[in-house]
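> Using the sequences and the hints, build the whole thing.
Residue 1 is where the sequence shown starts when you use my numbering, and the numbers rise one by one after that.
Just so you know, the hints here were simulated from the structure itself, not pulled from any lab data. Quick caveat, the model's predicted, so the values are computed rather than measured. Check before you lean on any hint, since a few could be wrong.
Computed cross-link-like contacts, BS3-like style, restricted to lysine-lysine with a CA-CA straight-line distance of at most 27 Å [as the list claims (entries may be wrong)]:
{"hint": "1", "residue 1": "K87", "residue 2": "K103"}
{"hint": "2", "residue 1": "K87", "residue 2": "K97"}
{"hint": "3", "residue 1": "K91", "residue 2": "K103"}
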Amino acid sequence: MKESRSQVGDDDFDDQEISEHQLARIKKSEIFTVEREREIQQVVESVNELAQIMKDLSVLVIDQGTIVDRIDYNIQNVAITVNEGLKQLQKAERTQKHGGIVKCATILIIMCFVMIVLLILKEIIL
1 MKESRSQVGD
11 DDFDDQEISE
21 HQLARIKKSE
31 IFTVEREREI
41 QQVVESVNEL
51 AQIMKDLSVL
61 VIDQGTIVDR
71 IDYNIQNVAI
81 TVNEGLKQLQ
91 KAERTQKHGG
101 IVKCATILII
111 MCFVMIVLLI
121 LKEIIL
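Quick look at the structure:
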């Protein structure tokens, strides 16, 4: 009977040892699970931050696209305005060249008229 008691006592000790070992493993698993949950939460926060950054970047890209469109529109308007200005300058240059000739011709005609009047007056007076 002593042997059977000592075996029963040994079995109790083994059961207690196994349960302590199991408790230690469970505690390690719980610690690992808590740490894992914390890491997952950090990943979720990082993904949310990244999503917000992408939204902000999208808004910036849209704003810059609008600005680039306005710049393109203004450049086209400047090109049209410059072409119109060039045409007006060319027209003014032609007008100045022809205007000088017209002025000279007008002055010449007036001078001729004055000379004719003077000749007529000279004939009348003499």
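> Taking the hints in turn, state whether each one holds.
The hints, checked one at a time:
1. K87 - K103: holds, 24 Å
2. K87 - K97: Since the Cα atoms of K87 and K97 sit roughly 15 Å apart, the hinted pair holds (cutoff 27 Å).
3. K91 - K103: holds, 17 Å
Hint compliance for this structure: no hint is broken.
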